[in-house]
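There are 2 protein chains.
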Amino acid sequence: MTGSGRGAEFELIERIRVRVSTRADVLLGIGDDAALLRVPEGHDLAVATDTLNAGVHFPHDTIPSAIGWKALAVNLSDLAAMGARPAWCTLSLSLPHADEAWLDGFVDGFLQLAAQHGVALVGGDTTRGPLSVCVTAHGLVQHGGGLRRDAAREGDDIWVTGTLGDAAAALAQLQAGGVADPALRARLDLPEPRVAFGVALAPLAHACIDVSDGLLQDLGHVCRASGVGAEVDVDRLPASPALAARSSGDTLRGEQACGGDDYELCFTAPPDAAGAIAAAAKATGTAATRIGRIVDTPGVAAVRADGGTWTPPRSGYAHFA
Amino acid sequence: MTGSGRGAEFELIERIRVRVSTRADVLLGIGDDAALLRVPEGHDLAVATDTLNAGVHFPHDTIPSAIGWKALAVNLSDLAAMGARPAWCTLSLSLPHADEAWLDGFVDGFLQLAAQHGVALVGGDTTRGPLSVCVTAHGLVQHGGGLRRDAAREGDDIWVTGTLGDAAAALAQLQAGGVADPALRARLDLPEPRVAFGVALAPLAHACIDVSDGLLQDLGHVCRASGVGAEVDVDRLPASPALAARSSGDTLRGEQACGGDDYELCFTAPPDAAGAIAAAAKATGTAATRIGRIVDTPGVAAVRADGGTWTPPRSGYAHFA
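Residue numbers (the working numbering), protein chains in the order written: chain A, 1 to 321; chain B, 322 to 642.
Keep in mind that the hints were calculated from the coordinates and are not lab data.
Predicted, not measured: the structure shown is a model, and the values here were computed from it.
Derived Cβ-Cβ restraints for the label pairs, each shown as a range:
1. A/GLY42 / B/ALA600: 36 to 44 Å
2. B/THR343 / A/ARG304: 41 to 49 Å
3. B/GLN437 / A/PRO40: 30 to 38 Å
4. B/GLN496 / A/ASP99: 23 to 31 Å
5. B/GLY548 / A/HIS143: 37 to 45 Å
6. B/ARG474 / A/ALA287: 55 to 63 Å
7. A/ALA283 / B/ALA597: 51 to 59 Å
8. B/THR632 / A/GLY42: 54 to 62 Å
9. A/GLU100 / B/ALA422: 39 to 47 Å
If you want the footprint, here are the derived chain A segments under chain B, 3+ residues with CB under 8 Å:
10. 23-36
11. 41-47
12. 119-133
Every residue gets a Cβ at the ideal spot worked out from N, C-alpha and C, and that includes glycine.
I would like the entire structure built from these sequences, with the hints used as guidance.
Okay, structure coming up:
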């Protein structure tokens, strides 16, 4: 109840604080009313925030370390889609009760990903409530160099990183009451934000978005913001071996074009940037595939290999639906 | 469920976005993967994050506009306690279902307080889940000028703004099954973050904290961080007329010294700053009262007007307790 203090909360925070790494630009981290941070001259600050709720954004049976990982990953993916280098984050964690073993697992996953990308956890709070994780991630980008959704231009190539559809396929298996293929489930639980490649893209790409809600839907946001349209070669979307072995035809197309939670980057770039993009992909160990082009006709058209238009069974799903 | 997109979410965000004010230092606000913000040279960035959960941080019967107000207020209070001038915030809102009337009321309260302090809402998300509000607030402070908890020094005066105990008294009335005095309830629901005074304090005070968990407990954090102790004149704590009319003796002392949710600033400053502090209080329309002094003996001692030591009935409450 309001008015309650935070005695036990402090112990949980202390349990997190002692494990956190810092950075030279963190003047004051966990333990005060606010963190104090230093933004270098000539840089803009990129700020993304996303909440994950149990049963909405991850299955109830997800292991704590995967929840910690994913809560940070989806925010780092947003920063990657801006071309920003991640620097700091805050964590607001609601837990039904103080479960130290659960918290330790959660923090394992969260800090493992943070360490991979040099991100310092600088603040946050723990509160009592239904399981929910709110992360705010802060990144840095050269002034004026952020990758926006509204910068796609007619004639741009459309690219996507990695592979699409694994997370949606895993979710379909779970929702059918089965056990998900481990390779697919790993994509659902432990998405890899394309941080290094996003940073490399900043001077090369026009528009960028991360694929969280389904490729066609997310690309639609780019097109509307940019006042353009898109043609996507739906049969050229990159698929993982695990997905290709399981799905085909319209099932595969639906999982790849409409499935969410892939956290790949979809971006547009002028055709003459293709060589530099391929080099950046190679340098960062990221696959990048051209999947279509930006056109002046509004809307997002999915075109099959036989030249026909493919109509998605639905244009993404919806919260509150 | 994860994999679900955000069709209806977008409409809720759009409902918020069209009402939001901006600032010249917001390069890109709501509607992209991240906001892009400009931190002026010579300033540090202060970042605070706090989550409010229904039934934990506000009573279930709280009106939506008060929930919106309080969710931002507690974060602005954290920035005020750093001496930082608030600039931007993000909002992550979990709602059980898409209720436009509720959302409009919530946004009314949130944006009213944001407008009072020139804060731009630059991003966030809406998700389906139990009612919960996570806000991250960003402020600016002159480089090296942030008010930390670890800067109290022996011989400092201890001050507090406004009055203490109203929120705790309102909560006690509610928890006893009654209706709270409206003046007290307003302090619980609509706390006034001491923003202008916090900014004015930055060059004057040593240490500062906001009183969210109870004066003695919060002052204890300052003392531990600073390696000092405190003596508080418990019978000199400022009380509102509504509280003074209702409570006395140990009940009053408990509500004032141990009650949470006041969101006043407690700060320490050298005695020779008293004149400047009084002037800053007058200039910002804020009451400021000296309530004790920093000593070298560890711990926080509460001293009665008769010179005896007052022992609190408990040292604050605890989440997860």
